[in-house]
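Trainee: As a plain string of letters, each chain reads:
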Amino acid sequence: MQGATQMGKLAKINDLYADPWKFGTELKKDGQRIVGYTCTLVPREITAAASFVPFMMRGAIGEPTQTADLHLEPLCCGLCRSIFNLGVEGKYSFLDGIVTCHACNNMDPMHAFWKYYVNPPFVTTINAPHTITEASLDFYTAEMKNYIRLLEEFTNSQISSEAISHYIELYNTQRSLLRQLSSMLREEPPLISGSEMTRIVLASLILPVEQANDLLSGVIEEVKVREDNRPKPGPRLLLWSMYSDNTSLIELIEECGANVVISDSCGGWRHYHRNIPSTSDPIQAIAQYYLENIRCSRLYQEGGTERFQMVKKLADDNGASAIIAYVLRYCDAQETDMPEFTDYFKGKGMPVLWLEDDYSLATREAIRTRIQAFLETADLK
Amino acid sequence: MEQKREQTSATKSIGIVNELGKLGRGWYDYARETKQKGGHIAWAMFGPPPEILLALDVVPIYTEQYAAAMAARQRAEESCEWADKTGYNIDICGYCRLGLGYTALESRLGHTPENPAYSGLPEPDILLGRSHCDPGYKWYQTSQHLTGKELPYFIYENLYPVPDSGHFIGDKEIDEQYVKFYRKQVEEMVAFLEKHTGKKMDLDRLREKIEVSQEMRQLWYDIYLMRRAIPAPMPTGDFMTCVFPYMTMHASDEGLDFLRRLHSEVKHRVDNKIGVVPEEKHRILWIGIPPWFHMSIFNYFEKFGGVSCIEFQYPPALPIDVDLDDPLGALAKRDHFAGTLSQHLISFPSRGEECYGIMGGCYRPVRHVMQMVEDYSIDGLVIHHITSCRNALIGHTHGRRVIRERLGLPTLFLESDMVDPRGYDEEADFRAINTFMEQLADTRK
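These protein sequences, in sequence, are chains A and B. For the first sequence, the positions run 1 to 381 when our numbering is used. For the second sequence, the positions run 1 to 445 when our numbering is used.
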């Protein structure tokens, strides 16, 4: 990770990444109210406008989940299980609430588990459509209003349109700052590493937005001037995955001598690639933004394999010459996509390494061997 | 461990169930004939209103049901193997995996695979998905890649104010939101089908189809209630087979005819106290999709005097009155208040009702299982843990625990896929059932 010469802001990022639960507990002691969420589709702007800190929940990759295993069957997503395990073990006791989403069949019932076994004061789930149509946009706009109404009932105070617009502006600023940082990965060699970028994104997702933006601005300045700890040249890769709440895989890739120059995941690009437009109807703008821009396998996109052209463009724009797809076991949406995904990129002459894991990376050394072999056989060294 | 099983098809209790093979072949023949006469075939997931399809001469072929039929006829293995070869992970929904494997095999062969159910899956003109489970919208997106043919594809999103979300059916804003959503969707679906069939929707014809559907829903619900009788008139194995005419042939005259006759037979059995076994000793609630390749497993319980008299999967929708002056509005209201064919809201709680968590099967609350235990005089639970259906299985461990704590009911956990027979160990299941039945017998004393 960082050497002795690391500067303040990046060190802060590393601290936040290493123990978000400690930070959450400190935030709570400082008097902040915090609502955890488990999907990028949950609108942070509305949560913040209700005077809560939106806190992206992470699991603890590789750690046993014995407590969760008492209540939740093994044949389901390891990430959902890990987050839930941390909940029942009290690691998320600082949360005032939790918001999940109709993201996938694994996540769908999780709010009910949280309600039954952890019982934070506020629990809900947001019904997110899987399509982008006039009907689904209207519906999702209404869901945003439902979410607002529930928060208002919980807090016994109104959420104004002005407050929502204010937080749209602040989170747009954050997205812009993250895009600036992301552009540093386009350099050869990149000015920051893929693992650093992911830690930066994940840290920004647990901070109050004002603090996050301040920190991000400081990180940008530090990275511009630092001379130590810069990534070395190496094969440039795009990482394609769903949730992505840790840097374990990216660090492994970096140990093999490659650089993840763009992460199309919920620990990466999906959070910041566009801004929410400023309109006279901020709730509708939020609904449209989240529905149209959070594009992962759970969103139905038309056009057959051409739906992957966005990923191809992302790779091209960032100078990536190959893709590593990290697929969580029991993710029907991404697993069903994978044969088509690999066929598409084969047709485009872009190598794909398809890695499947149960969220433990228990076969870490075997994965390392596969990455090394991939880099060699794809002539990416 | 691969085994040759002694009994590969189930022994039926309900006489009319023996007609279903012929009925099924008839439906698929009807689909092919309709297409030859200028109609269309849609591959569909349960969810989009079949009334709209039939009113436009679009015959739905439900590929989930086809997968079940292939499994029931012991023809699933080859398609599952082809799914593996094509790169589809074994954890993916069994129905979807079998379907994709079948499509991959057929594309590779250039003709229908050998010995399929119903002479094979008819080629579709249109695709209709749904969204409450992930394979519901991914399956047909992917199958087009396998065939190389892009087809018109519409996804009917069935979304519901789920238990424990803070939203309830009956809340004014929620009802307005969802009814509006379904209304818009049925309009979009009609426009989509008109475009791709070249036909104009005849609202009178649609009304006729809805009337048929309404009666079918009422009959199905009545049968569900009649099955509370002691002795149980209809076992789970027969019920699961009858899901074919209820769902696949929904809103058709043939489906209605079958349901009327089924209703008659069940009523006759209730009125004359005709049970499934000579002496009914134990009443079982079956939770989960059955192992379609091994439906005779229900007969095994019967050897001990145990009858699976009701099941948690595929419950009926609550019949509600609809205003046929506005048929599209009627469908929208019904899908929200009662549920589509794939999501029956009979179990959803009202404000103030405790759920005790969710036990799989599309957000079904554990509370509903507990209610069924009481309504159906249940002695024991069998939880069939389908290894490839997250939608159905998440919540089984939790629900079992809650029911054990609150009701003290003996529970048996069985595990297999719903269509993929590979790796299935019949002897292990029989041993587990033997122990369970002894436990029930001890509890009875």
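Rather than coming from a laboratory, the hints here were simulated on the basis of the structure. Among the hints, a few may not be true.
Said to hold, decoys possible - Distance windows between CB atoms, simulated:
no., chain 1, residue 1, chain 2, residue 2, range
1, B, 173, A, 160, 16 to 22 Å
2, A, 64, B, 30, 40 to 46 Å
3, A, 158, B, 323, 36 to 42 Å
4, B, 152, A, 368, 55 to 61 Å
5, A, 161, B, 81, 56 to 62 Å
6, A, 348, B, 150, 41 to 47 Å
7, B, 324, A, 317, 26 to 32 Å
8, B, 87, A, 189, 33 to 39 Å
9, A, 189, B, 180, 27 to 33 Å
10, B, 147, A, 348, 36 to 42 Å
To be verified - Derived pair list, reagent style SDA-like, types lysine to any residue, alpha-carbon separation capped at 20 Å:
no., chain 1, residue 1, chain 2, residue 2
11, B, 149, A, 304
12, A, 145, B, 172
13, B, 195, A, 149
14, B, 149, A, 347
15, B, 180, A, 346
16, B, 180, A, 339
17, B, 149, B, 170
18, A, 28, A, 121
19, B, 85, A, 121
20, A, 346, B, 147
21, B, 149, A, 302
22, A, 145, B, 170
23, B, 149, A, 356
24, B, 149, A, 339
25, B, 35, B, 150
26, B, 180, A, 28
27, B, 195, A, 302
28, B, 184, A, 28
29, B, 172, A, 288
30, B, 180, A, 133
31, A, 145, B, 171
32, B, 184, A, 288
33, B, 184, A, 356
34, B, 184, A, 133
Stated by the list, open to error - A few chain A residues that don't get close to chain B, going by computed Cβ distances all over 12 Å:
no., residue
35, 180
36, 227
37, 280
Idealized CB from N, CA, C, for every residue including glycine.
Trainee: Compare the structure with each hint and give your call.
Mentor: The hints, checked one at a time:
A C-beta distance of roughly 19 Å is found between residue 173 of chain B and residue 160 of chain A, which places it inside the suggested range of 16 to 22 Å. Between residue 64 of chain A and residue 30 of chain B the beta carbon distance is about 55 Å. The supplied range of 40 to 46 Å is therefore violated. Against the hinted window of 36 to 42 Å, the Cβ-Cβ separation of residue 158 of chain A and residue 323 of chain B comes to about 37 Å, which satisfies the hint. Between residue 152 of chain B and residue 368 of chain A, the C-beta spacing of about 45 Å breaks the proposed range 55 to 61 Å.
Against the hinted window of 56 to 62 Å, the Cβ-Cβ separation of residue 161 of chain A and residue 81 of chain B comes to about 57 Å, which satisfies the hint. Checking the proposed 41 to 47 Å range against residue 348 of chain A and residue 150 of chain B shows it is violated: the Cβ atoms sit about 19 Å from each other. The hint said 26 to 32 Å for the Cβ distance between residue 324 of chain B and residue 317 of chain A, and at roughly 54 Å that hint is violated. Range check, residue 87 of chain B to residue 189 of chain A: about 34 Å between beta-carbon atoms, so the 33 to 39 Å window is met.
Distance hint check: the CB atoms of residue 189 of chain A and residue 180 of chain B are about 53 Å apart, inconsistent with the given range 27 to 33 Å. Between residue 147 of chain B and residue 348 of chain A the Cβ separation comes to about 21 Å, which falls outside the hinted range of 36 to 42 Å. With a C-alpha separation of about 10 Å, the suggested pairing of residue 149 of chain B with residue 304 of chain A holds against the 20 Å cut-off. At roughly 13 Å between alpha-carbon atoms, residue 145 of chain A and residue 172 of chain B fall within 20 Å of each other, so this suggested pair holds.
Restraint check for residue 195 of chain B and residue 149 of chain A: not satisfied, since their Cα atoms lie roughly 39 Å apart, outside the 20 Å limit. Taken as a hint, the residue 149 of chain B and residue 347 of chain A pair is honoured in the structure, with Cα atoms around 17 Å apart against an allowance of 20 Å. Distance check on the hinted pair: residue 180 of chain B and residue 346 of chain A sit about 43 Å apart at the alpha-carbon level, beyond 20 Å; violated. Between residue 180 of chain B and residue 339 of chain A the alpha-carbon distance is near 37 Å, which puts this suggested pair outside the 20 Å criterion.
Distance check on the hinted pair: residue 149 of chain B and residue 170 of chain B sit about 44 Å apart at the alpha-carbon level, beyond 20 Å; violated. For the hint linking residue 28 of chain A to residue 121 of chain A, the alpha-carbon distance of about 14 Å falls within 20 Å, and the restraint holds. Restraint check: the Cα-Cα separation between residue 85 of chain B and residue 121 of chain A comes to about 48 Å, which exceeds 20 Å; the hinted pair is violated. Between residue 346 of chain A and residue 147 of chain B, the direct Cα distance comes to roughly 18 Å. Compliance with the 20 Å bound is thereby established for this hinted pair.
About 14 Å separates the Cα atoms of residue 149 of chain B and residue 302 of chain A, which keeps this hinted pair within 20 Å; it holds. A threshold of 20 Å between alpha carbons decides the hint, and for residue 145 of chain A with residue 170 of chain B the separation of about 17 Å falls inside it, so the pair holds. Between the alpha carbons of residue 149 of chain B and residue 356 of chain A the distance comes to roughly 29 Å, so the proposed pair goes past 20 Å and is violated. The suggested pairing of residue 149 of chain B with residue 339 of chain A holds, with an alpha-carbon distance near 16 Å, which does not exceed 20 Å.
A threshold of 20 Å between alpha carbons decides the hint, and for residue 35 of chain B with residue 150 of chain B the separation of about 19 Å falls inside it, so the pair holds. A C-alpha spacing of about 40 Å is found between residue 180 of chain B and residue 28 of chain A, which places the hinted pair above 20 Å, so the restraint is violated. Under the criterion of a C-alpha separation no larger than 20 Å, the hint pairing residue 195 of chain B with residue 302 of chain A is consistent with the structure, at around 17 Å. About 44 Å separates the Cα atoms of residue 184 of chain B and residue 28 of chain A, which puts this hinted pair outside 20 Å; it is violated.
Proposed proximity of residue 172 of chain B and residue 288 of chain A is contradicted: the alpha carbons are some 24 Å apart, above 20 Å. With a C-alpha separation of about 14 Å, the suggested pair residue 180 of chain B and residue 133 of chain A falls inside the 20 Å cut-off, and the hint holds. This hinted pair checks out: residue 145 of chain A and residue 171 of chain B have alpha carbons roughly 14 Å apart, not beyond 20 Å. Under the criterion of a C-alpha separation no larger than 20 Å, the hint pairing residue 184 of chain B with residue 288 of chain A is consistent with the structure, at around 17 Å.
Of the supplied pair hints, the one linking residue 184 of chain B and residue 356 of chain A is violated, its CA atoms being roughly 39 Å apart against a limit of 20 Å. For the proposed pair residue 184 of chain B and residue 133 of chain A, the alpha carbon gap of about 10 Å is at most 20 Å, so the pair holds. Every Cβ of chain B is farther than 12 Å from the Cβ of residue 180 of chain A; the closest lies at roughly 35 Å, confirming the non-interface assignment. Even its closest Cβ contact with chain B, about 45 Å, leaves residue 227 of chain A beyond 12 Å, as expected for a residue assigned away from the interface.
Residue placement check: residue 280 of chain A keeps its beta carbon more than 12 Å from all beta carbons of chain B (closest about 22 Å).
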